[in-house]
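Asks: Here the protein sequences come in this chain order: A and B.
Per numbering that gives the first Met the number 0, the first sequence starts with residue 0, numbered consecutively.
Per numbering that gives the first Met the number 0, the second sequence starts with residue 0, numbered consecutively.
Hints listed in this document are in silico derivations from the structure and should not be mistaken for laboratory results.
Keep in mind that this is a model prediction, so the values were computed, not measured.
Glycine included, C-beta positions come from ideal geometry on N, C-alpha and C.
With a cut-off of at most 16 angstroms between alpha-carbon atoms, the simulated EDC-like pairs for lysine to aspartate or glutamate come out as follows:
(1) A:K60 - B:D232
(2) A:K60 - B:E205
(3) A:K60 - B:D166
Among chain A residues calculated to face chain B with C-beta under 8 angstroms, some are:
(4) Q61
(5) S64
(6) F73
(7) S74
(8) S78
(9) G79
(10) T80
(11) I81
(12) R83
(13) H84
(14) V87
(15) R88
(16) P93
(17) N104
If you anchor each label on the Cβ, the simulated ranges turn out as follows:
(18) B:Y210 - A:H67: 21 to 31 angstroms
(19) B:T181 - A:H67: 26 to 36 angstroms
(20) B:R319 - A:Q94: 45 to 55 angstroms
(21) A:H67 - B:G85: 41 to 51 angstroms
(22) A:Q94 - B:P81: 50 to 60 angstroms
(23) B:N327 - A:Q94: 43 to 53 angstroms
(24) B:P81 - A:P93: 48 to 58 angstroms
(25) B:A299 - A:Q94: 36 to 46 angstroms
(26) B:N45 - A:P93: 45 to 55 angstroms
(27) B:Y89 - A:Q94: 46 to 56 angstroms
(28) A:Q94 - B:T50: 45 to 55 angstroms
(29) B:L234 - A:Q94: 27 to 37 angstroms
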Amino acid sequence: MNTDLKIRAACIVLTFSLASASLPAFSWRIESIQDSSAGARQSQARHQPAAPESKGAIKFKQNCSRCHEAPQGFSSRISGTILRHMRVRASLSPQDERDILRFLNP
Amino acid sequence: MLLSPKRAGIYASALLAASLLVMSRPGTTQDVPLISGGVGFVTSTNAGNTTYIPVISPLLAAPLGNHILVESRATILDSYFPKGGGHSGYTSSSFLGLSYLQMDYIASSHLTVVAGEFLTPFGTYNERLSPIWISNFESAPLIFNLGTMNTGSSVGGMLRGSAISNDHVWLDYAGYFSAASTNEQFKSQRASGARTSLYFPQARLEVGGSYGRLLEETHENFEGLHLWWQPADALVKLRSEFAHGPHSKGYWVESEFHLASASSGMTLRRAIQPVFRWQQTFRSSPDPTDGLPGADTKRADFGLDILFPHEVRINSSYSRQSSTQDTNIWQTGIVYRFLFPTWRGK
Numbered sequence: 000m001n002t003d004l005k006i007r008a009a010c011i012v013l014t015f016s017l018a019s020a021s022l023p024a025f026s027w028r029i030e031s032i033q034d035s036s037a038g039a040r041q042s043q044a045r046h047q048p049a050a051p052e053s054k055g056a057i058k059f060k061q062n063c064s065r066c067h068e069a070p071q072g073f074s075s076r077i078s079g080t081i082l083r084h085m086r087v088r089a090s091l092s093p094q095d096e097r098d099i100l101r102f103l104n105p
Numbered sequence: 000m001l002l003s004p005k006r007a008g009i010y011a012s013a014l015l016a017a018s019l020l021v022m023s024r025p026g027t028t029q030d031v032p033l034i035s036g037g038v039g040f041v042t043s044t045n046a047g048n049t050t051y052i053p054v055i056s057p058l059l060a061a062p063l064g065n066h067i068l069v070e071s072r073a074t075i076l077d078s079y080f081p082k083g084g085g086h087s088g089y090t091s092s093s094f095l096g097l098s099y100l101q102m103d104y105i106a107s108s109h110l111t112v113v114a115g116e117f118l119t120p121f122g123t124y125n126e127r128l129s130p131i132w133i134s135n136f137e138s139a140p141l142i143f144n145l146g147t148m149n150t151g152s153s154v155g156g157m158l159r160g161s162a163i164s165n166d167h168v169w170l171d172y173a174g175y176f177s178a179a180s181t182n183e184q185f186k187s188q189r190a191s192g193a194r195t196s197l198y199f200p201q202a203r204l205e206v207g208g209s210y211g212r213l214l215e216e217t218h219e220n221f222e223g224l225h226l227w228w229q230p231a232d233a234l235v236k237l238r239s240e241f242a243h244g245p246h247s248k249g250y251w252v253e254s255e256f257h258l259a260s261a262s263s264g265m266t267l268r269r270a271i272q273p274v275f276r277w278q279q280t281f282r283s284s285p286d287p288t289d290g291l292p293g294a295d296t297k298r299a300d301f302g303l304d305i306l307f308p309h310e311v312r313i314n315s316s317y318s319r320q321s322s323t324q325d326t327n328i329w330q331t332g333i334v335y336r337f338l339f340p341t342w343r344g345k
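Taking the hints into account, I'd like the entire structure generated from these sequences.
Replies: Here you go:
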């Protein structure tokens with residue numbers, strides 16, 4: 000087996016291993032992440048976005064979701080930094096920034 | 000650019016110094032400097048030759064006070080490709096480069112002043128879709144270099160912001176001037192340009208236009224248009240761009256399909272995303288430097304992206320490119336997105 004085939008085989012094995020290991024976790028939903036049972040799985044330093052019906056959630060969909068999905072979790076200590084970065088990149092208004100920050104930091 | 004140990008050391012030292020600088024300035028509880036980005040492994044098979052590319056693209060963002068943000072993104076990769084010329088085996092080349100290193104001063108609710116090296120604001124792909132953890136395809140659009148002045152980055156100043164923002168319409172703008180720079184890490188061309196876009200948030204419809212003027216030995220104009228339409232809770236997103244340069248022009252249209260709506264949350268069906276991109280370029284006169292194919296080209300990209308838990312995604316695509324000869328391109332990438340504070344908190 001030449002090097003090319005070995006690398007391809009390794010990639011395929013890696014991909015399927017990752018897929019099979021991750022499939023059980025596919026039941027996650029933004030809503031379920033927000034409830035207390037999901038929150039209990041997270042350390043106190045970590046959190047997830049708030050209810051999707053909120054004003055901040057709407058602003059998130061109107062801005063951030065146009066390019067990427069919601070992050071699956073991050074430290075609340077960087078939520079302000081994320082929003083400042085996105086305020087510049089996406090030209091968010093101060094009100095949008097506050098709404099989305101509240102959504103990310105309920 | 001070949002990566003030498005000395006250059007890598009200099010770069011690592013600079014990053015470390017910047018990190019120490021920002022870490023020494025405590026912000027509010029939500030304003031801790033962050034490190035984000037993506038690390039991935041990409042394979043690309045073009046006309047039977049396969050290239051393997053491990054890549055990492057870290058981003059550092061550090062607020063200073065209430066109005067300033069310092070941010071930088073780098074790309075470090077190795078390419079392993081066949082030696083060719085009848086030789087067996089692979090050879091490799093390394094690349095290390097800054098995509099941008101900029102300071103943002105938020106002067107008012109409508110104006111942000113940017114200084115340093117920044118992503119050239121032309122079209123949408125360069126600023127919004129180029130991060131490896133965002134893009135649906137592993138390859139950039141064929142027209143990417145038009146208007147971004149080949150380097151994709153500018154060194155100088157930029158004014159940007161939102162002129163109008165209400166529930167019905169947003170008007171964004173960005174205008175810049177770039178000096179010529181031949182520094183290895185801050186390559187840019189002398190140029191100026193602007194972009195403006197209208198966004199209707201309820202319809203999720205955005206239309207915009209870009210203009211760039213190259214101010215080197217020859218002055219050249221570049222024009223661009225973009226249209227994005229992403230209806231709320233619809234199962235498809237449409238993105239498109241058109242760019243015109245002095246020697247060529249082209250466009251791309253990308254559709255991202257979802258098997259479930261966003262309101263259903265991130266389910267398995269939502270996580271599987273078929274994507275399709277159609278591209279076409281037209282050559283009006285020879286120009287080996289503008290980055291577009293030397294002849295009229297059509298390309299169809301068929302992709303399947305899967306978003307896994309734990310911020311992992313796999314992009315796979317097959318492309319059929321028709322030009323002076325037809326080629327098949329297979330690409331696969333697995334990317335992990337990281338996002339964490341620069342230091343642990345209590």
